[in-house]
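Trainee: These are the residues of each chain, in order.
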Amino acid sequence: MHGLINRSIQRFLHDTYGGDTWAQVAEDAGLCVQGFEALLSYDDALTEAVLAAASIRLAKPRDAVLEDLGIYLAHLEPLRRLLRFGGVDYPDFLQSLDELSHRARLAVPGLEMPEFTILPLGGGRFRLECRSEMAGFGAVATGILRAMADDYGALALIDAVASDGRCDTVSIELLEARFAAGRGFDLAARRGL
Amino acid sequence: MGGNGIAQPAMIDAASLGRLMPMHLWISPSGHIRAAGPTIAKLCADGLAGRRFLEVFAVKKPRCTMTMRDFLALSGQRLEICLRDPPQTRWRGISVPLQDGQGVLVNLSFGIAAASAVREHALTHADFAPTDLTVELLYLTEVKAIVMGELAALNRRLQAAQADAEERALTDALTGLANRRALDLALVRVIAAARRGDHPFALMHVDLDFFKAVNDTLGHAAGDLVLAHAAGVLHSVVRVSDVVARVGGDEFVLLFHGLVDQNEINAIAARIIDQLERPVDYNGRPCRISASIGVTLSGFYQDLDPDRLLSDADTALYASKRGGRRRCTIHDPREANR
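In order, the protein sequences belong to chains H and S. Each residue of the first sequence is one higher than the last, beginning at 450 in this note's numbering. Each residue of the second sequence is one higher than the last, beginning at 4 in this note's numbering.
It is worth saying that the hints were derived from the structure and are not from the lab. Just so we're clear, the structure is a prediction, and the values are computed from it rather than from any experiment.
Which chain S residues face chain H? A few, computed with CB under 8 Å, are given here:
#  : residue
1  : Val121
2  : Leu126
3  : Thr127
4  : His128
5  : Ala129
6  : Val138
7  : Leu141
8  : Tyr142
9  : Leu143
10 : Glu145
11 : Ile149
12 : Val150
13 : Glu153
14 : Leu157
Beta carbons are placed, not taken as given, at the ideal position from N, Cα and C, and that holds for glycine.
With the sequences and hints as input, model every part of the structure.
Mentor: What follows is the structure in structure tokens.
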């Protein structure tokens, strides 16, 4: 698994639950406390070990940890901005999820991301399919989609519905695209940001 | 031109043309702007319709163009134009003639200056046609900055780790002085400099007297304290460019650049011994040591060999020990010939 993904998990655990919790998780997973380098690659088993250790330490199911990770990631300003490049409003953003793995590879060649497919079902309902070697990206996507609905000011019901190991499915029901004001987004970041 | 005879020209209404090309200008044969796309209209607050194209915009490439006649001749070529007024936004573009003497259609895009134009004019997704890759260009610009930031941080961490490893590899952990490896490297350097020209040096070997007694009676912690103190004393008598190395338990070697005067060497040695003999307080108990010193000078040798220098300084040091300690002996080159 790419260091960026591993580093994201590390930052999430560290920032949300504190340095001590991260240190314990790292130790349980057989990792030094400095953890991951963002631009190196690591064995998938190490990522699994960290997730398993976090799940035990936090007494939360693995998918709940991953969903919180998704919410955390969408709140990091640089990442929030990159996601907002996807579309002018929430429905537009949902349509752009097909391109997410291409965008990720444009950003960092060699970053393996799940293949996302968004299927419009009509009546404001969508189904998102995440295909990946590692299960759990659907849970991360659920967290990201919930946080981004708030960011765009949309009202939507988002639920992870099924996983068969290779493909996680998330259901999205868009109740109102412009429910609240949402947060601002300027296409061109201010200098120094 | 299809198979059914005369091709009909396409007709399009202004709103659709605006959606297709949000930064287009329709210019009449007289040089007046007849219509403008919504994005370019947003950029020019004073309004565009009815104004003379060449008064609002300056055509820079393929050549500066002052008359409409010259501009019409640029049809089909890649253009570079900018706003005459601040912020002098730049575009690249192309103009094509319209049928029936309706003038020309100019389509513009920001090209490589997209980020500053978007920032200055507060443009959004909706200001760009879905076919326009400007938004992707901005996305990539931002991603690149983030990745470069990560790379720079990684480089800083690696650089610090490397400096740390090098420092540790050449430094004695207890005293912070150079270690044996660092001394060997320094000795090679000063010998090379001495061979190249007029760069003499002195090599001083210092061995602490009565150090074993401190260790045996007061313990290793007291011994370590005395070693750190001795390191401080030795450090205080050298200049920045000189070298002080700890080469054994209680043995030190000093390299003095440019030192040839034997009286001066004896004075430095006397100062070292005097300062080392001042008792060091360890938990209320005084630790007393002294030092024996042996010195040799680069000027004594035709052919400088590091092992020979160290061995001669060591021989001089043992002469000091035999002579009753607390003293300095300078190697006598005539001895080697006896």
